[in-house]
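Using the hints provided, position chain Y relative to the given structure of chain E.
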Amino acid sequence: MIKILTVYGDMLLVALGRTILLALLGLFFACIIGLFFGILGVLKNRVCNIISQIFVDLIRGVPMIVLAFFVYFGIPYYFNTIIGGFNVTLSALQAGTICLALNCGAYMAEIIRAGILSVDIGQMEAARSLGLSYGMAMRKVVLPQAIRTMIPTFINQFVITLKDTSILSVIGFPELVNTAKNVQANTFMAFQTWAIVGVMYLIVITILSRSAKVLERRLNVGR
Amino acid sequence: MLDANRENVKIHVDHLKKSFGKLEVLKDISTDIYKGEVVVVIGPSGSGKSTFLRCLNRLEEVTDGTIIVEGVDITNKKVNINKVRENIGMVFQHFNLFNNLNIIDNLMLAPNMLKKCSKKEAKERALEMLKKVGLVEKAESYPSQLSGGQKQRIAIARALCMQPNIMLFDEPTSALDPEMVGEVLQVMKELAADGMTMVIVTHEMGFAREVADRVIFMDGGYIVEEGTPQEVLANPKEQRTIDFLNKVL
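First to last, the protein sequences are chains E and Y. Position one of the first sequence corresponds to residue 10 (my numbering), numbered consecutively onward. Position one of the second sequence corresponds to residue 247 (my numbering), numbered consecutively onward.
The shape of chain E in the complex, shown without the other chains:
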């Protein structure tokens, strides 16, 4: 255990940093995608609702490991070989970010859609009756209330996404799991290696959950 920490500790920490970087990038774009498709899902427009639903069903219906292989190997192959004439290459980080953003984005879209629908319709009507546009009412009245109810589910989704980065070890991104595999291969100390990696995830996720709880309490003013 001590040997792994002294020899490979820095390497694992750097890998953990990459895991967090990948998760943050994925979450950032997932929020944008989720907000976009979530709002598309609540608009009073059948076409928008259907587009949102198709996106969610499509992504949710495919395991992320398949999505990862498809984005990392499939997309460049499609452009470079099937169509031809392109030279598309995706780094593992780029492909990983796309996968996480799409995967987490689909779940976020559903969380956001449900959150908005959970706000009493009267809130929107009151805002509109005062002359506010749909967008203003959404931004100033409905979304702030929706976000409050969404926070616990958001946190859950953030944690899942952070853990899902480990799936992206299959496309060779040197995040924590991938690095740990190398450590295990070099040291043959499987028990110690994976115990250390498990604790590392545990610490990061606990910090994330705890700080999210503090945020949740702060946002609950006036409830």
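Worth flagging that the hints you see were computed from the coordinates, not collected in a lab. All values derive from a computational prediction rather than experimental measurement. C-beta: ideal position from N, C-alpha, C; glycine also. Mixed in with the good hints there might be a few duds.
As a list, the in silico DSSO-like pairs of lysine-lysine whose alpha-carbon atoms are at most 30 Å apart [to be verified]: (1) K268/Y <-> K53/E; (2) K323/Y <-> K53/E; (3) K53/E <-> K361/Y; (4) K149/E <-> K362/Y; (5) K149/E <-> K378/Y; (6) K378/Y <-> K362/Y; (7) K324/Y <-> K149/E; (8) K369/Y <-> K281/Y; (9) K362/Y <-> K53/E; (10) K149/E <-> K365/Y; (11) K149/E <-> K377/Y; (12) K281/Y <-> K53/E; (13) K149/E <-> K384/Y; (14) K366/Y <-> K149/E; (15) K53/E <-> K329/Y; (16) K149/E <-> K281/Y; (17) K149/E <-> K323/Y; (18) K149/E <-> K329/Y; (19) K323/Y <-> K378/Y; (20) K149/E <-> K361/Y; (21) K493/Y <-> K263/Y; (22) K362/Y <-> K323/Y; (23) K53/E <-> K324/Y; (24) K361/Y <-> K384/Y; (25) K273/Y <-> K53/E.
Which bits of chain Y does chain E cover? Going by a derived footprint, with three or more residues having C-beta under 8 Å, they are [stated by the list, open to error]: (26) 350-361; (27) 398-411.
Below, chain Y alone, put in the same frame as chain E:
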């Protein structure tokens, strides 16, 4: 009721029809609402009175007919309804105060967002309106900390902050405990005395008798009878009005 004096007509409703899918809620409604008039709409539940009220600021899209508010045809899809709504205050049965904002921000949100006046003026007016409804001390409270009656008075103050020319009330006292009805009706009476044009859907017959200039009795998607409170409430002509009044009085 189509009067020659057009200038004083605040809301002109002409052959209004409204259906929800196959359900025809408003079948043929025509009436005029005059400047400074207090019109009380009564009728059994399901008669379409709330729907009628909600059509007046296009919270419900009308199916057919015309509604002209202060000279603007709001059934025309090209009309910027937000501009029209700035001049029509609305008070809801369930108050609908913005739960994420404290009272003063509830009052100032729309004036600030729509740049009706400077922030300083908005604040001054908000405080003035709070004084009017007797709740200045609640400026920093959140809606969840108020009683039903207080919430409804705040809702009225919030609508008044936009300085509307017309006020719509959709069963403003129906969700209140009995002892809180009085304080809300009192604010509405003062508003009527100030000359506000008001359309009120309510079950408060006492209030209708005391404050209304005109009472409209609706049933089955039609206006069955209308006239002064004396005419409609004391001497109803239509059998359906008589039956309804016998049940509620």
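These are the hints, each one checked on the structure:
{"no.": "1", "hint": "K268/Y <-> K53/E", "verdict": "holds (19 Å)"}
{"no.": "2", "hint": "K323/Y <-> K53/E", "verdict": "holds (16 Å)"}
{"no.": "3", "hint": "K53/E <-> K361/Y", "verdict": "holds (27 Å)"}
{"no.": "4", "hint": "K149/E <-> K362/Y", "verdict": "holds (17 Å)"}
{"no.": "5", "hint": "K149/E <-> K378/Y", "verdict": "holds (26 Å)"}
{"no.": "6", "hint": "K378/Y <-> K362/Y", "verdict": "holds (20 Å)"}
{"no.": "7", "hint": "K324/Y <-> K149/E", "verdict": "holds (25 Å)"}
{"no.": "8", "hint": "K369/Y <-> K281/Y", "verdict": "holds (28 Å)"}
{"no.": "9", "hint": "K362/Y <-> K53/E", "verdict": "holds (29 Å)"}
{"no.": "10", "hint": "K149/E <-> K365/Y", "verdict": "holds (17 Å)"}
{"no.": "11", "hint": "K149/E <-> K377/Y", "verdict": "holds (25 Å)"}
{"no.": "12", "hint": "K281/Y <-> K53/E", "verdict": "violated (35 Å)"}
{"no.": "13", "hint": "K149/E <-> K384/Y", "verdict": "holds (21 Å)"}
{"no.": "14", "hint": "K366/Y <-> K149/E", "verdict": "holds (20 Å)"}
{"no.": "15", "hint": "K53/E <-> K329/Y", "verdict": "holds (21 Å)"}
{"no.": "16", "hint": "K149/E <-> K281/Y", "verdict": "violated (33 Å)"}
{"no.": "17", "hint": "K149/E <-> K323/Y", "verdict": "holds (25 Å)"}
{"no.": "18", "hint": "K149/E <-> K329/Y", "verdict": "holds (18 Å)"}
{"no.": "19", "hint": "K323/Y <-> K378/Y", "verdict": "violated (37 Å)"}
{"no.": "20", "hint": "K149/E <-> K361/Y", "verdict": "holds (15 Å)"}
{"no.": "21", "hint": "K493/Y <-> K263/Y", "verdict": "holds (28 Å)"}
{"no.": "22", "hint": "K362/Y <-> K323/Y", "verdict": "holds (24 Å)"}
{"no.": "23", "hint": "K53/E <-> K324/Y", "verdict": "holds (18 Å)"}
{"no.": "24", "hint": "K361/Y <-> K384/Y", "verdict": "holds (24 Å)"}
{"no.": "25", "hint": "K273/Y <-> K53/E", "verdict": "holds (25 Å)"}
{"no.": "26", "hint": "350-361", "verdict": "holds (count 4)"}
{"no.": "27", "hint": "398-411", "verdict": "holds (count 4)"}
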